[in-house]
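K.L.:
Residue numbers (the numbering used here), protein chains in the order written: chain C, 1 to 480; chain Y, 1 to 441.
Quick caveat, the hints were computed from the structure, so don't treat them as lab data. Be a bit skeptical, because a hint or two may be false.
[As the list claims (entries may be wrong)] Listed below are several chain Y residues computed to face chain C (Cβ distance under 10 Å; list not exhaustive):
1) PRO40
2) ASP79
3) GLU282
4) LEU373
Since this is a predicted model, take the numbers as computed values, not measurements. Quick reminder that beta carbons are idealized off the backbone N, C-alpha and C, glycines included.
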Amino acid sequence: MTPEPVGRSSATLDEPVLDVDEIQGDVLPGFNTLHRRLIAVCFDQRDRGQTMLAELAPRVATLAEVCHLRSERRERLAHGRGRPRTPLWLNLALTARGLQRLGADPTSVRDRSFAAGLGAISPTLGDPTDPGVHGHPSTWRVGGTAAREPDALLLLGNDDAATLAIGAERILAALRAAGVCVLYDETGAMLPGGREHFGFRDGIAGPAVRGRLSARPDDMLARRSLGPTDPRAPYESRPGRPLVWPGQFVFGLPRQLDDPVVAGPAFEGGAAWVRNGSLLVFRRLEQDVSAFRRFLATEAPGLPRGGEERLAALLVGRWPSGAPLVRWPEADPGEESDDFGYALDLLAVRCPAAAHIRKVNPRDLPTDLGGSGRTLATHVLRRSIPYGGPDAAERGLLFLCWQTSIVRQFERLTVGWMNRDDAPQPGGHDLLVGQAPVRCAMLDGVAVVTSERFVVPTGGAYLFAPSTSALRALAEGDTS
Amino acid sequence: MQTIGMADGADDFARRPARLGALAARWDERLAQLRSRARPAFDDNSSYLAETRDDDAVHMVTWDAFPRFLSGWFAVDADRDERRYRAAETLKPVRFNGEPLRVCTAAAGTNHVPEDALGEPVAALFRQQDEYCEWRVGGNLERVVFTCEPPEYWAYLAEVDIELAVELYRELVDERVVAEDLVWRTDVASYDGANGWRVYARAGDYNPWNRWNTVDGLVHCTHPANTLAAALKLIGDGTQAYQGDYGEPIRDAGELLCRTGFANPNRFSDPAIAGAISLLIEAGVAVGAAEPLGVTFTEPRLTGLARPSGDNPNVRWRAARRHGDAVVRAELTITEMTVGGAPLQFGGQVADHLRMRIAIGMRPVARGPLTRLSALKRCCPAPGHPDVAMVVDRACAGIGPTEWAAFAPVEGTSAARKPALTSPRRVPDPVDPHESSRMLG
Numbered sequence: 001m002t003p004e005p006v007g008r009s010s011a012t013l014d015e016p017v018l019d020v021d022e023i024q025g026d027v028l029p030g031f032n033t034l035h036r037r038l039i040a041v042c043f044d045q046r047d048r049g050q051t052m053l054a055e056l057a058p059r060v061a062t063l064a065e066v067c068h069l070r071s072e073r074r075e076r077l078a079h080g081r082g083r084p085r086t087p088l089w090l091n092l093a094l095t096a097r098g099l100q101r102l103g104a105d106p107t108s109v110r111d112r113s114f115a116a117g118l119g120a121i122s123p124t125l126g127d128p129t130d131p132g133v134h135g136h137p138s139t140w141r142v143g144g145t146a147a148r149e150p151d152a153l154l155l156l157g158n159d160d161a162a163t164l165a166i167g168a169e170r171i172l173a174a175l176r177a178a179g180v181c182v183l184y185d186e187t188g189a190m191l192p193g194g195r196e197h198f199g200f201r202d203g204i205a206g207p208a209v210r211g212r213l214s215a216r217p218d219d220m221l222a223r224r225s226l227g228p229t230d231p232r233a234p235y236e237s238r239p240g241r242p243l244v245w246p247g248q249f250v251f252g253l254p255r256q257l258d259d260p261v262v263a264g265p266a267f268e269g270g271a272a273w274v275r276n277g278s279l280l281v282f283r284r285l286e287q288d289v290s291a292f293r294r295f296l297a298t299e300a301p302g303l304p305r306g307g308e309e310r311l312a313a314l315l316v317g318r319w320p321s322g323a324p325l326v327r328w329p330e331a332d333p334g335e336e337s338d339d340f341g342y343a344l345d346l347l348a349v350r351c352p353a354a355a356h357i358r359k360v361n362p363r364d365l366p367t368d369l370g371g372s373g374r375t376l377a378t379h380v381l382r383r384s385i386p387y388g389g390p391d392a393a394e395r396g397l398l399f400l401c402w403q404t405s406i407v408r409q410f411e412r413l414t415v416g417w418m419n420r421d422d423a424p425q426p427g428g429h430d431l432l433v434g435q436a437p438v439r440c441a442m443l444d445g446v447a448v449v450t451s452e453r454f455v456v457p458t459g460g461a462y463l464f465a466p467s468t469s470a471l472r473a474l475a476e477g478d479t480s
Numbered sequence: 001m002q003t004i005g006m007a008d009g010a011d012d013f014a015r016r017p018a019r020l021g022a023l024a025a026r027w028d029e030r031l032a033q034l035r036s037r038a039r040p041a042f043d044d045n046s047s048y049l050a051e052t053r054d055d056d057a058v059h060m061v062t063w064d065a066f067p068r069f070l071s072g073w074f075a076v077d078a079d080r081d082e083r084r085y086r087a088a089e090t091l092k093p094v095r096f097n098g099e100p101l102r103v104c105t106a107a108a109g110t111n112h113v114p115e116d117a118l119g120e121p122v123a124a125l126f127r128q129q130d131e132y133c134e135w136r137v138g139g140n141l142e143r144v145v146f147t148c149e150p151p152e153y154w155a156y157l158a159e160v161d162i163e164l165a166v167e168l169y170r171e172l173v174d175e176r177v178v179a180e181d182l183v184w185r186t187d188v189a190s191y192d193g194a195n196g197w198r199v200y201a202r203a204g205d206y207n208p209w210n211r212w213n214t215v216d217g218l219v220h221c222t223h224p225a226n227t228l229a230a231a232l233k234l235i236g237d238g239t240q241a242y243q244g245d246y247g248e249p250i251r252d253a254g255e256l257l258c259r260t261g262f263a264n265p266n267r268f269s270d271p272a273i274a275g276a277i278s279l280l281i282e283a284g285v286a287v288g289a290a291e292p293l294g295v296t297f298t299e300p301r302l303t304g305l306a307r308p309s310g311d312n313p314n315v316r317w318r319a320a321r322r323h324g325d326a327v328v329r330a331e332l333t334i335t336e337m338t339v340g341g342a343p344l345q346f347g348g349q350v351a352d353h354l355r356m357r358i359a360i361g362m363r364p365v366a367r368g369p370l371t372r373l374s375a376l377k378r379c380c381p382a383p384g385h386p387d388v389a390m391v392v393d394r395a396c397a398g399i400g401p402t403e404w405a406a407f408a409p410v411e412g413t414s415a416a417r418k419p420a421l422t423s424p425r426r427v428p429d430p431v432d433p434h435e436s437s438r439m440l441g
């Protein structure tokens, strides 16, 4: 009889087979397209909403479809050929109000922030609380107030701008025919080099999701590059990329426990239509690049070493190339890396505790949640894309992320970590993205303070993306 | 040594000006004893500092204030939030090795209590809040009082000056408090497992579970894990280094606590503290508790509290007692509030937004490679509640239903408080939150 393992259990990993035709494709594996378009709509009445769903549900891109083309894309890129032409990808998510208007109970999703809506949660997120002040929900382009709250958000993606535009026009025509009004319509596009508007390489880090695409034991959603004898293999898909159970992102699937390799039970409860769905956080974040550059110019001379580029790296935790500061604290080596941790830098000598990437992903450090294993349950799947051109007056980030708990995931990262000066480790606020009237951080031994917001919320919503069969059921009025 | 006292600067000892020096010195001696006792059993690495100096660097460890054990226990339930909030406000009977305290008639000079000297069980209840933060709600949810003061301090006050303790209790809880309420009326015995029954306290000793600190009020921590000794011992034990099955350092705090059991992996506090200390030791420093000694509140971040209209209220978070500059007791006055968009119905909703902290002093030390011990305990997930686990040094199958029953929290049955969200009105006092858990004789 095999003796019980000491420490934690190391049960044989049996990753679940995912419902590849049910899960929307931007949840898993993610569109990852060069262009995206977000269209927020209002259908007001149940029959219009049902008509819209009946029209759009068959067009929703699934995990299966997106994965198939992902494989093709990898193949082509590996052989020096460009990205393949893809059909327009469409995903769809509903707000609590949208679900209610369709006759479904939004509390069935069992996330109190989703049920309340982003507008009600805005003060908690640290957004401006004076009506009329830039960033207050009353000033948002979409969401935040009853008048601007959408019922649904359409997510469109394609690598070709023209294909995206043509496809979007067809969808808009269908919406008009269904009597659905468009509240907001905006296109985002990847910037050269995969950077965001502050000049930093973005989207490097993120969890790899456990799960299989079929019953074949080796048909993994997330490709594994570590050999079977590598001690990190049970925990990472590749060096620095942690494996997280899919229940953290898709309802009805095994979720994360303290032991990284043990599958926890799915969160129970709720209606059947919640299964295989996911919660979406959308935040339209305006980036004040001018203010950021002025801040760098003003504050850099007060630091003991380095100039503006170093100060920016201290705020982000990476050099503009994507190289992590904790590995290269003196200068940008010019190459990005995701293979690093902070355990040897607990005292934040190499990388500030308040650096953005360290704030939102403390990796192997203990946090106010306890051991580093608990950080795995805070991860979200980011699908953000910049909007506005490199020199546009109005530019920023269409921030999108998926999870099964807005409270314990997105809001832990923002309210619980970025916006506090004492979490996940003491050392200051996230000066770059944190939302608080006054933010302070220790950078190279100097306390740097600012009340200026470089990132201002200008729209958003909390939404739920049902499975494809749930979309069809909602279209038919079946809300059981 | 920074002293504890009222937020207006009037520390407790200063109320006895003629004895101020003696009171403070004797408390310093108690603290020194606790710090000395916290040294790990195998201090081969000389990594523990029983005393820290003003010039030692300080690393703050912070953690969530709402009990992770309760969040984890109810994680599988559809109505997990309400159940964890209720449980947090429900008192649980004190047990030692599964047995309640009992009245006893013990002979002087001996701690052993024969069975025929045992009397009736003694009612003693504690709050199921084990992150070194405890709270109690004023009847209509108009006031929530938070404390992180350890029982040892109040036991000391009662020992050296019972009238001082009574004076403070009257100011903090109720003017009806009398000295007899704060002490054991008889000798009491606790069950020590294979060693049988032993004297736990003598008649006249301070009773940390007296009514004014449990069912009828809140002065200091009541949970058996929320003691100053436990916090200091955790720092001490955390300086011992351990290795895994192949000699590799164990760095993850969860794995560390599952293997060693020297602290509780089901809390936020223990893994946060143990995790930080293990990394500090690896970095070549010795550590010990720094001032302010023990656990204190961080500055509260209550942006999550809002009026139903969405605007931020003028939240009144009053620091009622301080330990030096740090807050150890705070009172939050609230009316018509929401928390994160939901109506405020339980004190735990506020606790969700609080953080606790402890100061770790550090000093570089010259040492060779760390001596590491092996650790062979295991975490056994609770049946039906896999987010929490019991640490044992035997097979998980050997844990019986009685043990699991004692491990489980007591659930609350009190009605949620529902303050009016449109106009102020009095709501009925809630059902006595400890009704269902009062220990039966």
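K.L.:
Is the interface hint satisfied for ASP79 of chain Y? The criterion is a beta-carbon contact with chain C at less than 10 Å.
P.N.:
Holds - the Cβ of ASP79 of chain Y comes within 10 Å of chain C, reaching about 8 Å at its closest.
K.L.:
Taking the closest Cβ pair, is PRO40 of chain Y under 10 Å from chain C?
P.N.:
19 Å, violated
K.L.:
Minimum Cβ distance from LEU373 of chain Y to chain C below 10 Å?
P.N.:
13 Å, violated
K.L.:
For the restraint on GLU282 of chain Y, tell me whether the closest CB of chain C is nearer than 10 Å.
P.N.:
Given a least distance of 8 Å, the restraint on GLU282 of chain Y holds.
Checked against the numbered hints listed earlier, the structure breaks hints 1, 4; every other hint is satisfied.
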